[in-house]
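Engineer: Given only the sequences and the hints, what does the whole structure look like? Please build it.
Note that the protein sequences, when read in sequence, are chains A and B. Take the first sequence: its letter number 143 is residue 143 in the working numbering, and every next letter is one higher. In the working numbering, each residue carries its 1-based index in the second sequence increased by 302.
Treat each hint with caution, since some may be false.
Some chain B residues near chain A, calculated using beta-carbon distances under 7 angstroms [said to hold, decoys possible]:
1. Pro316
2. Cys317
3. Gly318
4. Met319
5. Leu325
6. Pro328
7. Asp329
8. Pro348
9. Val349
10. Cys350
11. Gly351
12. Ala352
Just so you know, the hints here were simulated from the structure itself, not pulled from any lab data. Glycine residues also receive a C-beta, built at the ideal position from the N, C-alpha and C atoms.
The chain contents come next:
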Amino acid sequence: MATLLELTAQGDVATISDESHLANVKLMTPQQLYELWERQNWQAHAIDLSKDVEDWAALPEEDRAEMVWGLSSFFVGEERVTTQFSGIVMSYEDQSEEAYLTTQQVDEARHTQFFSRFYDEVIGTGGGIDAQLERVREDLNDAFVTLFDEHLVDACKRLVADPADARAKVDFVTTYHMVIEGILALTGQFFITDHLEKRGILPGFVEGFKLISQDEHRHVAYGTWYLQRATRDNPELARRVQDKLAELLPVAAGVLVPKGKDPFGEWELLGYTSAEVNEFAFRALTRRLKVIGIGLPEVSAA
Amino acid sequence: MTTVATAQRWVCEPCGMIYDPELGDPDGGIPPGTPFEEIPDTWTCPVCGARKRDFVPLDE
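Structural biologist: Spelled out as C-alpha cells, the structure:
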C-alpha cells in the first residue's frame, strides 16, 4: 500500500505517455465563474434535515464516530478557509477577478453555516458556531492543525501584507486551491458522498454536501486558471508551485489519515481502504498539474 | 447510431471542461475512442474534480 507521499515520490507513470491532452484544456475565466456562481446559488438554511435526525439516531455508534471524524475536518476547515480568504480577495487584478473572489469567500461562510446546522440539528452539538468549533476541534489530527492553523494562516498573512506580491499569491493558491480544496476536500467529499448515497441515508446532508462540492469545483477551477496563467511564461513561479507542493504534501498526506491510525500503515474509513483514498487524491493532483502545465514536485517518501 | 453516440462531446457544468471521446482521458484511465457513456461512474473531471454525473451533452 502506497501513501499519498510515496505515490508522489514514485512519479506519474502516465507521464511516459504522449497521449495526454490536458495541457490544451480551455479553462473558464473569473468572469465566467462569477456568472456560474449566480446560476448555482443555494441556501444552507433551506435544506430539510428532518430525515437525517432519524437516520443519525439509528446509526451504530462506530459508524457515527467515523462520520464525526470526517465531518469535523470539514466543519473546522470551512471556518478556517472563510477566515483566511481575505488576503486573496485583496489581491484581485481586475474587476472580474474581484467579483469572483468575493463569491468564494461567501461560499466558504455558507458551508460553515451548513455544517453548524447539521451539528446542531442532527448530531446534537449546539451552542452556536464558536462553541461548536471548540468542541469539534478535539476530533482533528495534528497534521490538520499544522496545515490549517500554520501554513494557511501564514500564506494569508503574507498576502494581506502585500496583495500585489505574485509569489505570495502563487503560494496561497497552491496551498488553498490545490492542496486543501483540490486534494483534501474533493477526496473526502467523493468518498463520504459515495458512502452515504450507497446506504441511502442522511439525504439532507447529502444534498447540502453535493452543493458544497459544486462550489468547491468552481473554486478549484479558479485556482487552476490562476496558476496556469501565472506560471505559463514564468519558470520561477512554476518552480515555486512545485516547491510549495513539496513542502505541503507530507502534511496533506497526514490529514487524510483518521485520528489514531498509523499514517504509514493501512487503514480503512467508511469502508474505503487507504489505498483507494490515496490513489484518488494522487490522480487528481497529477491530472490537475498537467492542466496547469507543470510537473510533479520532487518529494521524499522517507 | 453507435457513431453518433461515440462522437457526442460532453461538458462539465461546474468548470466547462469538454470531454471529447476521440481524445479520451488517458491520464484518468480513459483510452482515446471511449464514448462518454462507457466511462466508469467513479471517473472525475481532470480540472475541477466534478463527477461524471455533473457532465451534460455539449450542444454543438
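Engineer: Take the hints in turn and mark each one as holding or not.
Structural biologist: Each hint tested on the structure:
Annotation: interface hint on Pro316 of chain B holds; nearest CB of chain A at approximately 4 angstroms, less than 7 angstroms. Because the beta carbon of Cys317 of chain B sits about 4 angstroms from the nearest beta carbon in chain A, less than 7 angstroms, this interface hint is met. Residue-level restraint check for Gly318 of chain B holds (minimum Cβ-Cβ distance to chain A is 5 angstroms; threshold 7 angstroms). Contact between Met319 of chain B and chain A, as hinted, is supported at the beta carbon level, the nearest pair being about 6 angstroms apart and thus within 7 angstroms.
Given the 7 angstroms rule on beta carbons, the hint for Leu325 of chain B holds: about 5 angstroms separates it from the nearest Cβ of chain A. At its closest, the beta carbon of Pro328 of chain B sits 4 angstroms from a beta carbon of chain A; the interface hint therefore holds under the 7 angstroms criterion. Annotation: Asp329 of chain B was flagged as interfacial toward chain A, and the flag holds, the nearest CB pair being 5 angstroms apart, inside 7 angstroms. The criterion of a C-beta within 7 angstroms of any C-beta in chain A is met by Pro348 of chain B, whose closest approach is roughly 4 angstroms, and the hint holds.
The interface hint given for Val349 of chain B holds, since its Cβ lies 6 angstroms from the closest Cβ of chain A, which is under the 7 angstroms cut-off. The criterion of a C-beta within 7 angstroms of any C-beta in chain A is met by Cys350 of chain B, whose closest approach is roughly 4 angstroms, and the hint holds. Satisfaction of the interface hint for Gly351 of chain B is found here, the shortest Cβ-Cβ separation to chain A being roughly 4 angstroms, below the 7 angstroms cut-off. For Ala352 of chain B, the shortest C-beta to C-beta distance to chain A is roughly 5 angstroms, which falls under 7 angstroms, so the interface hint holds.
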